[in-house]
Amino acid sequence: MAEVRVTGRFVAGLSFIAAELAIIEVLVRTGWIRRALLPPPSDIARTLWEIVSSGEFLPPLASTLGLLAIGYTLSVMLGVALGLVMGVSRTCSDIFEPLLEAIRPIPKVALVPVLILFFGIDTTMKVASVVLASFFPVLLNTIQGVRGVEPTLIATGQTFGHRRLGIAIRVMLPASVPYILAGMKVSLGIGLLTTILAEMLSGTGGLGSLVLESQRSFKVRQMYSWLVILGGLGLLLNWAFAKAERRFVPWLDKYQKS
Amino acid sequence: MRTLTRRLMSRFIAGGVASSCLTGLAAPFVWAQSNMAKLRVGYVPVIDTTAFFVAQSQGFFKEERLDVEATPVLGGGPALSALAAAQFELAMATVTSVLLGAAQGFDFRIVTAVAAVGSGPPDEIAALLVRKGGGIKRGSDCQGKRCAVQLLNNLPWLCLRLWIDSTGGSSSKVSIVEVPFPQMSDALLGNRVDLVAINEPFLSAAIRNAPDKVEIAAWSISQTLPNTIVASFNATQEYLDKHGEVVHAFSRAYKKAVDWTVENKGNPVLEELISKFTRLPADQVRSLMVWPKFVKSVDPVSLDTMARAMQRYGLLKSLPDSALLIYDSARI
Amino acid sequence: MGWLLSGRRLGLWFVVLLLAAWELSARTGLVSSPNWPPVSAVFAALGREIGDGTLLPAMLGTLYRMAVGFSVGSIAGILLGLLMGANQWVRWMLEPTLEFLRPLPVPALVPPLILFLGLDDPMKISIVAFTAMFPVLINTLEGAISIEPTYRAVAATFGIPWLGTLCRVLFPAALPYVFAGLRISLGLSFVVAVAGEMIAGSSGVGYYLVSMQYAGRAADMCGALLLLGLCGYAVNWSFLCIDHRVLHWHARSFSE
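Just so you know, the protein sequences line up as chains A, B and C, in that order. This note's numbering numbers the first residue of the first sequence as 412 and each following residue consecutively. This note's numbering numbers the first residue of the second sequence as 140 and each following residue consecutively. This note's numbering numbers the first residue of the third sequence as 3 and each following residue consecutively.
FYI, nobody ran anything at the bench for these hints, they're computed from the structure. Among the hints, a few may not be true.
[As the list claims (entries may be wrong)] No more than 27 Å apart at the CA atoms, straight line, and that leaves these computed lysine-lysine pairs for DSS-like:
(1) A/Lys-630 with B/Lys-456
(2) B/Lys-352 with B/Lys-284
(3) B/Lys-395 with B/Lys-381
(4) B/Lys-395 with B/Lys-201
(5) B/Lys-381 with B/Lys-415
(6) A/Lys-630 with B/Lys-394
Predicted, not measured: the structure shown is a model, and the values here were computed from it.
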């Protein structure tokens, strides 16, 4: 029965993708969509194959992944720590919330001039912008999760004689895990987005700068190919995230399907 | 039996709804490709575009019965892309971008010249700036150093490489990175880069800000590609086939504006105008070190020279037919 | 006196402290660069720009585009999220495509989109909608899946049809998650609306920011940034008010 489920899943997803691609191919070849703007998927596939088979895609991929890894790890650590503190302590939340709320809506793109001033144009600056942008979802979700912990659980913890720190770590943190995980998942996406954006703004290698460069040279097939590789990376990251989630927190409600 | 059919039915409906949602999101793509018929112009609000604004403010376009709707864009690249999307009828871009687009099958054509450089200052738009005492005077000094340009694979990058190679260096061994113009001064002074290819007004601003710390190593374009067209207004062949006379009218008005600009150099009226559309404070406009050269026609020979340089550095595979790319409104 | 230091006012003092540090560092030359103007100059510039009548219309335009994009994207996200949460087949069909589209960064999508939609409102609204859809979708889906299986079983026992289960059981139960998603989405919509204008715009606050930067007017740029921050704060605050009213039944506690 399990095998049927897995096959069903693959077939459903793949056939949908195949159908979409077929529709696009027809639209382009019959002239509904102009070739110069969107080449037929078959052409893009050919260019993509050239890039992949020559191994050309590996250095930029490594560069992007590295930047993302550092930035994401830092964001999560910072977001959970600060979120826990702000969720538990009213005072801390009062101190930091106005500042954070003011910074959040400002696109970090706009802060890049200041970041370049202090951090230069290299990896440090890019990591800083990634962390600035992507720690917010984790932070927000942690706060929301911590504040939503059922009072009964907290009372139980107090009954067991735990003090505030103990309750924070032993009761609130685990109880907020579903929220934190949702936040981490979003944060991964934002992290990748900011990484790409940072690469575009100071083009020193990486998938983002390659997409932009090919667009600027009007090499449309290359541009879409690099976009596909980028999408593939995203897919891979999310798959890895889901796998890790299942492995490390199997006790979540959603895995207890009857 | 009935529940099984119901289940299947609900699956179909669900699938159908989901697909239509996604298709709905894609609808704008197909719908938005219809052609519209106004003279909408995309320009970059830099000093190069002066003649365009002179034509606007002095009523030259009105005289030719043209209703020009001007939209500022932050770069020639997006402007050309919007041209391809038929959002503009005319778009301003560096000639390099136009050549790149044409090579990839876009039917861009040059309809008027916008800015050019002469054989040296003051007819120039950019310089190679270095730190005083940094020891960079020639291309050979760039070995192992970091250079910055605004955009890779475009005109400043091309000229930088030409300069390095023609003054004893080897440009393929030099590290060239991208830094936006407003940050170039900080990056240079902060020792993050050793040479910047910087345009006005940032050039004058950088020198004004730290006159004892920076100096000009060379003039970017006039020393490597003298007397070349740098930027132009462009249209698609598709539009020109249908509305060539509109473009000719535009070109006539534009040429009048170029004459007016050249005559009124140094006139405060001109400076106010430039200040208004570039948002640059008027006194900064006055103290610019170099100005672009405003010309009325595009010389195919200079286009060929640029194309050859582009081919040398891998930007173009084959040389374009310059005669084809220049529309007759851009010839003398 | 105690009132001055209590509650959120504490946070405001913190911000004031940081601003003072900024002013000092700029004036004393500790940080010397045209890109680091003193705070006083920034405020002066801000006053001038608003009086000029250039900044406010730009801001309003951006907000309008953001609102439209956010609404479209969120509604699509909620609908798709609920559908995918309710029906396994839909989820299997759409998941690969969506997972592929989701991480595509908006800046990377702007160039192809310009080719199709130009630089005007349709393009900017599209990228906001695209960005807004995904967090809402994920959170709604997460909420719909995390719902206690008991609720679904009860609904089935009562013979509630599929659509009814969707609207009356799944949606309310997923609401806290949906709102968490909406909150993230709102922030993202705002950022993307501005970022889109910065990359390839011709109007709006994002474009204003970059054109000020390129005109060498850093004080004006920072002034616009301040306004942007204020607006973002206001938008978020109004969202929180709605959030509290709708979700008052969701437990909230402080350890005081």
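Evaluation of the provided hints:
With a C-alpha separation of about 12 Å, the suggested pair A/Lys-630 and B/Lys-456 falls inside the 27 Å cut-off, and the hint holds. Restraint check for B/Lys-352 and B/Lys-284: the C-alpha separation of about 18 Å stays at or below 27 Å, so the hint holds. The suggested pairing of B/Lys-395 with B/Lys-381 holds, with an alpha-carbon distance near 24 Å, which does not exceed 27 Å. A threshold of 27 Å between alpha carbons decides the hint, and for B/Lys-395 with B/Lys-201 the separation of about 12 Å falls inside it, so the pair holds.
Distance check on the hinted pair: B/Lys-381 and B/Lys-415 sit about 34 Å apart at the alpha-carbon level, beyond 27 Å; violated. Taken as a hint, the A/Lys-630 and B/Lys-394 pair is broken in the structure, with Cα atoms around 33 Å apart against an allowance of 27 Å.
Comparing the model with each numbered hint stated earlier shows that hints 5, 6 do not hold.
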